[in-house]
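In order, the protein sequences belong to chains S and U. All residue numbers in the first sequence are consecutive under our numbering, ending with 319. All residue numbers in the second sequence are consecutive under our numbering, ending with 1438.
Take these hints with a grain of salt, some might be off.
Claimed, not checked - Computed footprint of chain U on chain S, listed as stretches where at least three residues anywhere in the stretch have a Cβ under 8 Å from a Cβ of chain U:
#, region
1, 36-48
2, 111-124
3, 144-156
4, 254-262
Quick caveat, the hints were computed from the structure, so don't treat them as lab data. Just so you know, these numbers come straight off a predicted model, no measurement behind them. For every residue, glycine included, the Cβ atom is placed at its ideal position computed from N, Cα and C.
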Amino acid sequence: MADAVLPGPLAPEASPRIPAWDRLKGDRNWLGAWFMLPAAAFLILFLAYPLGLGVWLSFTDARIGRSGIFIGLENYEWLWDDATFRLAVFNTILYTAVASVIKFAVGLYLALLLNQNMPLKAIIRAIVLIPFIVPTVLSAIAFWWLYDSQFSILSWSLRQLHIISSNIDFLGDPWNARWSVIFANIWRGVPFVAITLLAGLQTVPPSLYEAATIDGASRWQIFRHVTYPLLTPIIAVVMTFSVLFTFTDFQLIWAMTRGGPVNATHLMATLSYQRAIGGGYLGEGAAIATAMIPFLLAAILISWFGLQRRKWQHGESND
Amino acid sequence: MTILTRRALVKGGSALAAGALSGPALLEWSKAWAQTAPWKPEPGAQLSMLRWKYFVQAEDDAFVKLLEAFTKATGVKVAIARESYEDVQPKASVAANTGAGPDLFWGLYSLPHLFPQKCVDVSDVAEYLGKKYGGWVPSAVTYGKSGGKWIAVPICYGGNLQNYRLEASKKAGFSKFPDTTDAFLEYAKAMKKNNTPGGMALGHASGDGNTWVYWCLWTHGGNVVDKDDKVIINSPETAKALEYAKQLSDNMITGVASWNDASNNKAFLAGEIYWTNNGISIYVAAQKDPTKNNIAADMDHAFWPVGPIGKPTELHLMYPILVMNYTKYPQAAKALIAYMMEADQFNKWIEAAQGYLTHCLNAYDSNPVWTADPKTTPFRDVAKRSLTAGGLGSVGEKAATAIADFVVLDMFANYCTGREDVKGAISIADRQLRRIYR
Chain S
1 MADAVLPGPL APEASPRIPA WDRLKGDRNW LGAWFMLPAA AFLILFLAYP LGLGVWLSFT
61 DARIGRSGIF IGLENYEWLW DDATFRLAVF NTILYTAVAS VIKFAVGLYL ALLLNQNMPL
121 KAIIRAIVLI PFIVPTVLSA IAFWWLYDSQ FSILSWSLRQ LHIISSNIDF LGDPWNARWS
181 VIFANIWRGV PFVAITLLAG LQTVPPSLYE AATIDGASRW QIFRHVTYPL LTPIIAVVMT
241 FSVLFTFTDF QLIWAMTRGG PVNATHLMAT LSYQRAIGGG YLGEGAAIAT AMIPFLLAAI
301 LISWFGLQRR KWQHGESND
Chain U
1001 MTILTRRALV KGGSALAAGA LSGPALLEWS KAWAQTAPWK PEPGAQLSML RWKYFVQAED
1061 DAFVKLLEAF TKATGVKVAI ARESYEDVQP KASVAANTGA GPDLFWGLYS LPHLFPQKCV
1121 DVSDVAEYLG KKYGGWVPSA VTYGKSGGKW IAVPICYGGN LQNYRLEASK KAGFSKFPDT
1181 TDAFLEYAKA MKKNNTPGGM ALGHASGDGN TWVYWCLWTH GGNVVDKDDK VIINSPETAK
1241 ALEYAKQLSD NMITGVASWN DASNNKAFLA GEIYWTNNGI SIYVAAQKDP TKNNIAADMD
1301 HAFWPVGPIG KPTELHLMYP ILVMNYTKYP QAAKALIAYM MEADQFNKWI EAAQGYLTHC
1361 LNAYDSNPVW TADPKTTPFR DVAKRSLTAG GLGSVGEKAA TAIADFVVLD MFANYCTGRE
1421 DVKGAISIAD RQLRRIYR
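All chains should be built: construct the whole structure from the sequences, respecting the hints.
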């Protein structure tokens, strides 16, 4: 924005006789601001305002249908000692960490496979996307049936094979339930990671591979020193998104367990909804939602300042 | 089994089934009613109503017909919107707060008590109906009244009772469903031993889950709050209720901790469980599906067993209707409520609901829907047996929050699944309740 620092051509001509409004309309210094205005208004109205309102609500005792009064940090003090909230934080971190790592590993592996030349390439790539295309609630309901304590096809099959004697209590036992919902999330999230990484893989120039092959690099060395460094920027983006989506997941949990059994699968998002909309405590729900922000910021900062650093991409000496 | 049709039911009824009116006769009756009713709709009046979404299509059809008849008789148009029953409360709260929205809200439990000062005083309607139809059941009065006046008219209850299979129960040595908590535990044990177990939801099931844990708490003398809304959950009675629930749940089918409101219906209809708590929906579904008719023939309903406290402690869903005080047509709204509840309309409507809904005006006990099929008879009395959502305390938003946030349900689930000991489970609930009731 060089124009921003240079005086615009109209500025010197501005005389006291020209109304201020006309000067603003014509001033090139202001022109940029005018063009930004629609975007800024959009962002403020639909992003900044709701976010600000949410944070404000978390400092009040607002209830549904009734604006509250300012109560400072009371909601947060309450949550600090709340066993259910702590459990939800633990669940959320576990859910995000395990699901993101596995999604990344499986997604990268799938991307590398799909990057090979094979027959029916386009069709296979399309099929991989299916879990991502199915509406979340539908897939959640499908998983709910798969995990049903009485009608699970998984339990049934294992029983027919005489591997187990009674149904597996997928969603009734706390740890079973956690792994079950994490698996459902992974199933749903892998295509996004795989397809995005595949797009990244295709931008790697073949000449680099040729050069590496001529230098006698092994397949692992090619991956480690050619593919991986060039893929880092896209990994940063895709993992940031993946972590954000996983951390704020709501539909899968709500459709499958509603946070049960005994809150073992409550995430911060579902607990926030239960307290704010179900229970009517908007202020407390907003506080739970606001408490997610530091975690999300940390995740974003790690990916952007960590993975994006040139040192990571181009070796130790190149900072 | 006798084949039931609405027609047969209507014919079977005697005095009250003047509800056989239809076509021109109905219109005449409605017009005459509109002439004599104490409430004269304002000229040009129009009403809008938000109601909970129906469970049975026939019920909604009958309701729409009822509204059409009202429009014909009085000229008042009624626009109707339907929301899932959990969503009526937030919408009504916002409408009450902003002073704009539907004129009438038909919701759940303590809805009108969230904003009693925003509700039109409908004492005249409630008293008129009470006088004409044998009086209101006690719990309906609690739900309907605030500060000495009626702020809502209790339309009906949704019953939640024990559903059990006859053959399997007989095999376990019980010719009828146990009526005390001790016998109930023996029953659960015997049924489990015979490989015909039952189960009740311990997951976040708003209807079935809450119903059974509140029953268990109350029947052992435990209470969430006393009559002044002071939290008294931390008591030896609560501990006893937890111990009992643990023994009971140890003798249920595995997986109840993951159940939602639909799980027990599925399991019962698939022959996986042989007793559970539910509305009449399992029975109705079993009758409708030819492949499940054997289940309908082999099942029945029973009241909840009575525990140490010695009297019924059941919790059934209440559906009250309220008029917002911002309405421009309070007289029309009152006329509509009174019209809905008159025998000629109400009888037909409650028949169409097939037992899902129970009246809270005593005179409707004689509706043939309750006697034509003895298996629906227990549902006739749920209004009389029901306690209110607040237990000993008030029925306001605090009680509603405690239910919506699953505080008591989680306390039971915490202990029954072995996640917490008795003390831990109670103290977590105690802490949450103290915040809700502060």
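Inset, instruction - List in ascending order the numbers of the hints, as given earlier, that are violated by the structure. - result: 1 and 2
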